[in-house]
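Participant: Each chain, letter by letter, is given below.
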Amino acid sequence: MSWSVITLIALHLGWANGQDASPTIAAIANPMRPFQLAGRAPEAVIQETMGERSDQVRTLAIFRHREEGRSGPLSWRIRDTGTEGHARSAHSEDCPAVYGLILQLERIPLPRLEIRPEVDAAPANYQGRLPDIGQTHTSYALAASGFTSRNEPVFFRVSHLGSGPIRDWWMEADRQLEGCWRSEGTGGA
Amino acid sequence: MPDTLPDIEVVGQRRRPNGTFPQRGGGSGGGGLGGEGGEHQNEVGENDPPPDQIDPCASPDTALDWNADAAAAEGKKEFERRGREEDGDDGHLSRERYAFILQREDGSLYLSSIATGGPNWVNPNEVSGQVTPFNVVGMVHNHPGGSQAPSGDDWAGFDIYYNYVLQHAGLERANQLRIYIIARDTNSTSPALQIKAYNNQSSRDSDAEGDEVNPEALPCPGPL
Chain A
6 MSWSVITLIA
16 LHLGWANGQD
26 ASPTIAAIAN
36 PMRPFQLAGR
46 APEAVIQETM
56 GERSDQVRTL
66 AIFRHREEGR
76 SGPLSWRIRD
86 TGTEGHARSA
96 HSEDCPAVYG
106 LILQLERIPL
116 PRLEIRPEVD
126 AAPANYQGRL
136 PDIGQTHTSY
146 ALAASGFTSR
156 NEPVFFRVSH
166 LGSGPIRDWW
176 MEADRQLEGC
186 WRSEGTGGA
Chain B
282 MPDTLPDIEV
292 VGQRRRPNGT
302 FPQRGGGSGG
312 GGLGGEGGEH
322 QNEVGENDPP
332 PDQIDPCASP
342 DTALDWNADA
352 AAAEGKKEFE
362 RRGREEDGDD
372 GHLSRERYAF
382 ILQREDGSLY
392 LSSIATGGPN
402 WVNPNEVSGQ
412 VTPFNVVGMV
422 HNHPGGSQAP
432 SGDDWAGFDI
442 YYNYVLQHAG
452 LERANQLRIY
462 IIARDTNSTS
472 PALQIKAYNN
482 QSSRDSDAEG
492 DEVNPEALPC
502 PGPL
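Here the protein sequences line up with chains A and B, keeping their order. Per the working numbering, residue 6 is the first one in the first sequence, and the count goes up by one each step. Per the working numbering, residue 282 is the first one in the second sequence, and the count goes up by one each step.
Treat the hints with caution; some may be incorrect.
What the hints assert, rightly or not - To be clear about the criterion: a stretch of chain A counts as covered by chain B if any three or more of its residues have a C-beta under 8 Å from a C-beta of chain B, and this derived list gives those stretches:
id, stretch
1, 54-60
2, 122-130
3, 141-154
4, 164-170
Unchecked claim - Partner residues aside, some chain A positions facing chain B, computed with beta carbon under 10 Å:
id, residue
5, Gly133
6, Arg134
7, Leu135
8, Pro136
9, Asp137
Unchecked claim - Pairwise CB distance ranges (calculated):
id, chain 1, residue 1, chain 2, residue 2, range
10, A, Arg71, B, Leu392, 56 to 64 Å
11, A, Arg134, B, Gly451, 15 to 23 Å
12, A, Arg155, B, Leu392, 50 to 58 Å
13, A, Tyr104, B, Leu452, 24 to 32 Å
14, B, Ser340, A, Gly87, 47 to 55 Å
15, B, Arg363, A, His91, 30 to 38 Å
16, A, Arg180, B, Gly451, 29 to 37 Å
17, B, Arg363, A, Ser150, 44 to 52 Å
18, B, Asn468, A, His91, 28 to 36 Å
19, B, Ala473, A, Thr153, 56 to 64 Å
Everything labelled a hint here was simulated from the structure, so no lab data went into it. For clarity, every value in this text was computed on a predicted model and none was experimentally measured. Beta carbons are placed, not taken as given, at the ideal position from N, Cα and C, and that holds for glycine.
Based on the sequences and whatever the hints tell you, model everything.
Facilitator: Shown next, in the form of structure tokens:
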């Protein structure tokens, strides 16, 4: 995974706002809130953006669900909303792949930060490799939260172009959830 | 990275709206804007430029722009040929294709292998094997959907390539990098494909279209 395909990694920081004279990347306190369902924000949001005009956006939002008053096991849902607003969900009750994919998402290989150009300590004849940007007009983004070892909450916001760990997870999710989807409304929120 | 970039003067085979394409000896600009357009800058059309005008092929700096535009035109023709042969395309391109414009040691340019993708994507990495920070001059790909400007992700990819060249080969080389988009003119009833040119100083506004490159552009004669 090349450092340069990761266009943004931020801990407890928001998306860039390039319009401001003094841009702040902490503009949005919680990126999950816009994707809430029945008053509850998702635990993670993964997005694919495609098209020459970046107008094809598909969002997978991961929700945790427990019925009120019950102490039974949690259930999990991955909700898929596309550009045209159609929504469908996959539920862990009848689709074991849902929970497995959530574990896989927690374990995607996040690259380390690289601030220094890779050539800084390189000999003169080192050319490096052209970064792999993947397919054109395609990008992926992930927003999720976590905690440090000192119980400090952090937000992860990672994005990359058409090649990288979020895309790998996305393709795997598409494959594993085929046949699991329920149209929105038949399964309830 | 320096805070400021020097201005880049482009002497290519381009015109602005309502303008005409420059011939050799016509210098830069390729016509004018609004009412100033439509007048030929140079009707000579021969290889020898008039004595009071710049010959773009006389200097390696200006010849690079001239030849890169010619390489983009060659790319368009090759994309169209493949579209006809592989997809039955007629006057349009149904799939996206991508090539790098590379420079030989003698200064002449050539196209890399061509990657073929789908209706709205193509993977440049499939044909990046010959690319080095010292030989890459630009990238050319088509937009079957008709958008004549680079997409946001095209610009993000351009910036990554720019930084790659900048780090390894320096600012001058990085500033030579350009991106060409081939798409149908959506403001015209004609199905003709146009080539638009952009570089690091181009507007990133999705409505800001670059100068049009002559689809019949030819390179300077002989090695530079």
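Participant: So which hints don't hold here, by number, going up?
Facilitator: 13, 16
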